[in-house]
Amino acid sequence: MTHNLRADTITILGHGGDEIEAYLAIPTDAQAVGSMVVIHHMPGYDEGTKEIARKFAANGYAALVPNLYYREAPGASPDDAAATVRNAGGVPDERLVGDVEGAMNHLKALDFTNGQVGVIGYCSGGRQSFLSGCRLPLNAVIDCYGAFVAVGRDEPPMIVKPVIDEAGNLSAPLLGLFGADDTFPSPEQNEALAEALKAAGKDFTFRTFDGAGHAFFASDRPSYRPEAAVEGWEDIFTFLARTIA
Amino acid sequence: MCTYQTERLDVRASAKTSEGWASMTNAIVYFDHPVHFAAGHALMIDLLNPTAGPSARAAIEMDPESARALANAILQSLDTIPDGLLGELAS
Numbered sequence: 003m004t005h006n007l008r009a010d011t012i013t014i015l016g017h018g019g020d021e022i023e024a025y026l027a028i029p030t031d032a033q034a035v036g037s038m039v040v041i042h043h044m045p046g047y048d049e050g051t052k053e054i055a056r057k058f059a060a061n062g063y064a065a066l067v068p069n070l071y072y073r074e075a076p077g078a079s080p081d082d083a084a085a086t087v088r089n090a091g092g093v094p095d096e097r098l099v100g101d102v103e104g105a106m107n108h109l110k111a112l113d114f115t116n117g118q119v120g121v122i123g124y125c126s127g128g129r130q131s132f133l134s135g136c137r138l139p140l141n142a143v144i145d146c147y148g149a150f151v152a153v154g155r156d157e158p159p160m161i162v163k164p165v166i167d168e169a170g171n172l173s174a175p176l177l178g179l180f181g182a183d184d185t186f187p188s189p190e191q192n193e194a195l196a197e198a199l200k201a202a203g204k205d206f207t208f209r210t211f212d213g214a215g216h217a218f219f220a221s222d223r224p225s226y227r228p229e230a231a232v233e234g235w236e237d238i239f240t241f242l243a244r245t246i247a
Numbered sequence: 312m313c314t315y316q317t318e319r320l321d322v323r324a325s326a327k328t329s330e331g332w333a334s335m336t337n338a339i340v341y342f343d344h345p346v347h348f349a350a351g352h353a354l355m356i357d358l359l360n361p362t363a364g365p366s367a368r369a370a371i372e373m374d375p376e377s378a379r380a381l382a383n384a385i386l387q388s389l390d391t392i393p394d395g396l397l398g399e400l401a402s
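Protein chains in written order, with the numbering used here: chain V, 3 to 247; chain R, 312 to 402.
In short, the hints are calculated from the structure, not lab data. Glycine included, every Cβ here is placed at the ideal spot set by N, Cα and C. There may be inaccurate statements among the hints.
Quick partial rundown of chain R residues pointing at chain V, CB under 8 Å, derived from the structure [claimed, not checked]:
1) Met312
2) Tyr315
3) Thr317
4) Asp321
5) Ile339
6) His344
7) Val346
8) Ala349
9) Gly351
10) Leu359
11) Pro361
12) Thr362
13) Pro365
14) Ser366
15) Arg368
My request is simple: use the sequences and hints to build the entire structure.
Printed below as a string of structure tokens:
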């Protein structure tokens with residue numbers, strides 16, 4: 003593997019057939035590759051999320067990041083877009099799922115992909131990744147410290163419904179990567195999710211890293227924990243080799 | 312965690328944005344992941360004018376102690392407005 007890749011901003015069809023912006027990173031040294039939909043975190047469709055897409059491409063997977071804030075803020079900087087959407091009450095779950103479905107369909111239609119699609123998200127995107135896996139026919143689901151999966155919050159304007167009750171509909175193997183020092187999701191909340199998945203007979207693997215809290219993958223934040231991040235990426239690529247490669 | 316916590320209010324204000332001065336109509340206050348401030352979470356204030364577009368925004372990210380001190384300074388300043396000026400401000 004040469005790690006050669008190409009990355010472009012493109013337009014895809016999202017929820018309701020809406021045209022939305024997306025960032026596509028593809029390996030240029032491989033054929034019949036698996037694909038990943040990368041869900042950006044609440045701070046937006048930012049440089050860090052695009053870097054994650056490029057890491058997947060460098061390791062032999064096509065990766066597509068839909069801009070979940072494009073409708074409210076086309077062409078805006080990621081932080082301005084995030085503030086605009088927050089002021090408007092956030093992204094509805096149905097629209098999120100529709101945008102992930104659009105990204106999934108776009109990846110499947112590319113002539114160099116193998117039709118196997120996974121989804122990954124971090125933080126708010128971890129919850130959205132799990133939700134997408136429960137509502138869409140995916141082949142792999144990765145939840146990186148997604149909060150508000152097992153519990154919700156009902157204070158407007160940002161109301162978040164718990165999605166643990168949808169565990170029985172999970173369509174694909176799930177990899178969950180968490181920090182032992184995190185409080186949202188807490189180890190207890192992750193255990194509750196594990197129990198729900200066990201009860202539903204689902205294929206899942208959870209790993210909780212000691213010495214790490216929330217956002218340990220984020221290399222541009224003080225929460226970054228290199229050991230957990232390096233091992234977490236190894237877990238991700240091992241999981242994808244089993245599920246979508 | 313992404314807290315989703317958001318206090319939203321209407322305001323009558325002006326703020327200097329990346330494109331210059333603009334009228335602001337909304338504010339959101341929240342404790343969540345900052346974009347630039349070097350902390351896992353920060354107290355964030357956004358002044359916005361949604362009708363003028365996403366770039367009509369002035370933003371602050373600060374540590375909780377600084378935010379509380381700022382809030383107290385604002386209240387102190389408002390509590391000591393010289394007689395007669397409050398009516399002028401409200402007009």
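Hints, verified against the model:
no.	hint	in the structure
1	Met312	holds, 3 Å
2	Tyr315	holds, 4 Å
3	Thr317	holds, 5 Å
4	Asp321	violated, 11 Å
5	Ile339	holds, 5 Å
6	His344	holds, 5 Å
7	Val346	holds, 5 Å
8	Ala349	holds, 6 Å
9	Gly351	holds, 5 Å
10	Leu359	holds, 6 Å
11	Pro361	holds, 6 Å
12	Thr362	violated, 11 Å
13	Pro365	holds, 4 Å
14	Ser366	holds, 5 Å
15	Arg368	holds, 5 Å
Comparing the model with each earlier hint shows violations of hints 4 and 12; every other hint is respected.
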